[in-house]
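Chains as they are written, first to last, in the numbering used here: chain S, 1 to 473; chain V, 1001 to 1298.
Since the hints were derived computationally from the structure, they do not count as laboratory data. Ideal Cβ positions, reconstructed from N, Cα and C, are used throughout, including at glycine. The reader is advised that the hints may include incorrect statements.
Said to hold, decoys possible - Which stretches of chain S does chain V cover? Using the computed rule of at least three CB atoms under 8 Å from a CB of chain V, they are: (1) 59-70; (2) 114-125; (3) 337-345; (4) 355-369.
Said to hold, decoys possible - Some chain V residues judged to face chain S by a derived CB distance under 8 Å, without partners named: (5) Gln1116; (6) Arg1118; (7) Leu1124; (8) Glu1140; (9) Leu1148; (10) Gln1157; (11) Arg1161; (12) Arg1175.
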Amino acid sequence: MIMCSSITKSFWLKVLPVGVVWICMCAFGRGRLLMSSLDTAYFLSLSFQYKYLTDIISTVEFNHSGELLATGDKGGRVVIFQQETENKCQPLSRSEYNVYSTFQSHEPEFDYLKSLEIEEKINKIRWLPQKNAAQFLLSTNDKTIKLWKISERDKRPEGYNLKEEDGRYRDSTTITTLRVPVFRPMDLMVEASPRRIFANAHTYHINSISVNSDNETYLSADDLRINLWHLEITDRSFNIVDIKPANMEDLTEVITAAEFHPHQCNTFVYSSSKGTIRLCDMRASALCDRHSKLFEEPEDPSNRSFFSEIISSISDVKFSHSGRYMMTRDYLSVKIWDLNMENRPVETYQVHEYLRSKLCSLYENDCIFDKFECCWNGNDSVVMTGSYNNFFRMLDRSQRRDVTLEASRESSKPRQVLKPRRVCAGGKRKKDEISVDSLDFNKKILHTAWHPQENIIAVATTNNLYIFQEKVN
Amino acid sequence: MGAGSSGHVTEGPPFRCFGTAPRPALHTAKTNHGFDALRRSAPVCRLEKERVFSDVDKHASPRGGERFQTPAGPGRGRSMLGRGVKRKWAYLEGALGIGGADAEGAAGASYLAYLQQRQLVLSLGLAKLQSGQGCQIRTEPSLRRSVLLANTMRQIQEEMRQEEADLQQALQIARVSNAVQDPDACLRCSQEGELTVSLIPLSFTLPPSSCSSEDTESSESDNSQRYLSDLALDDIFEDIDTSMYDSTDISSIQAAFHSDCNEGLKQLVSYPPTSALQLCSFPDATELDNLIEILVDS
């Protein structure tokens, strides 16, 4: 029995993975996503699960082994799913993710000084590498970061002298003998307990946290500052980046995302609302206001519009697993940068270029400010990001191919290949294409995650978590 | 970001197409003057409006060539600013009778469209920044969103200021050439004073969290008041007090958050004219007539 108090409030629907047609060109390798070249359409056949959460999902993250998948939502809750594989010995056998633990991470707070509420929405979750039996993760809302310990308990002491098993105190007259309590097996219980609370260090809204490769420190970034913490110390942090101008009237740029390098514990990057990425080396100075590298692509003058700056704002930055590349997501595109080359990205992929002519409408309904995330697959050959209408995009770097898929119950049927989607930008709409005007901009996929070793992806629509796995017959 | 975007998503009925669903309500009735007029003069849907402009373009310049609306395609989006500049010069040439008749019509129509688009972006941005501090606000608005909006507004303001300067320069040239032909006209011009462009008041703001402790509250109120008094004056020919625009945006407009200025600012927001004509006030009646004729393409 898994004790999760809020599980009764949310219901989850499990669609059993079924065999789907798998079209591939060559032998499957771990971590490689193979696409068909038989047609122009690329078929990615995945079996899937579908989870419904009561609140809007705000972050999704696999742990380092991929066994656990954490989601944070707008209500401050964290739900952790655990992978259960049919046949552990056989690679690529069917996996399911079932609820492992649910807990309330953050509560809404009130800032009395400004008379404003502080949202309990979980902005980011980051797992710590596992060191012992327990799992640790960092979760953050706008102002406070918490370190949670998730541990299993499958034994409990039984045979107390003074208490009954249900906790009632025994009548002292009935105690005639003395016994030693012993541990007996019990149903598995997963407990989450807050171990550290890192508070009062951010004036502005925290947008990123990133655990360092040294496993001792982590950074937290808000709109104007980045702080460095030690996981053991909660009452102080070091400020390593501060871009707040002396005069707030001069503010034109904010920090949008930050991440530590996966291997070099002295290196981190942060992206800005102006489309630049700065790489900083903490060995250079205590305050890393001066970047070591500045990554910026000159603007294409033919694409200039009123909205150029807004759409150039970078919403996510992620290092590749190798540490050689980093990926940035702005409103319309995904760019892959080589850390050794600052003046332009090595690869640029258009996510939904058909939206370029609709920018004014998207500006009007605020969709232009949506922050899409992006992620790498395990061996850095494929990147994935979300779009509107519950579409998400997979971009294969090695084969220079891309596919648009949809995360919806209607579009994913058993025994059917997951169908690629096409959006018709203008002119005559072909069969099976969707026109730009009929896209639902309320259905957006902002958060996606890829299993670090296997081809399992988690895609979050507004309330629903889709877990797709590729299937081999 | 969290509060802002999700709030807009859940407001009102879910919409699938911009053209067919009611637009999410961003403005109160008071601030909607500009939009209503804009909408009356154009079809309901913004997308429709864009198509109308491109149709107008087709009529205006049957040869093709440069259009306001570039065809959608990879790497070729609509170029607002770049094309606007070229259009503006063609328009000026037309106004001054330098260019050909075709250029006048095409330039006028597309320039009008461009100005309307710019006006829309400006008004929307102002409203968004204001609503960020509206009565319903419970959590802090997103700083990133406010900064991006402010930067966009500033960019538009800069462009409008540049246009004013260019227009003045162009009319100066015209005046000189007129003076050669008609000394009386020159005298008339100089008497009426310099051409001015009444810029849209840019009252954009940042959330209060960004307010520094040294809040220059009173000076911002003064700025707003001064601008209002400028409007009250019939003296549209005098140089506008540009102190409000010189002090870059944020501090001078932080007063917008304070309730006592909200009324004044609502009026300012509604002031934005509904047509390009009102963007410029011309000193000379005959020149005004010429330009009106060109713009309405009569």
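Hints, one by one, checked against the model:
1. 59-70: violated (count 0)
2. 114-125: holds (count 7)
3. 337-345: Result for this restraint: violated, n = 0.
4. 355-369: Per the Cβ count (12), the hint holds.
5. Gln1116: violated (11 Å)
6. Arg1118: holds (7 Å)
7. Leu1124: Cβ of Leu1124/V sits 6 Å from chain S, so the hint holds.
8. Glu1140: Where the cut-off is 8 Å and the nearest Cβ of chain S is about 5 Å from Glu1140/V, the hint holds.
9. Leu1148: Check passed: Cβ of Leu1148/V comes within 5 Å of chain S, closer than 8 Å.
10. Gln1157: violated (12 Å)
11. Arg1161: This hint is violated: Arg1161/V lies away from chain S, its Cβ roughly 16 Å from the closest one there, beyond 8 Å.
12. Arg1175: Hint on Arg1175/V: violated, closest Cβ of chain S at ~32 Å, above 8 Å.
The structure is inconsistent with the numbered hints 1, 3, 5, 10, 11, 12, although it conforms to all the rest.
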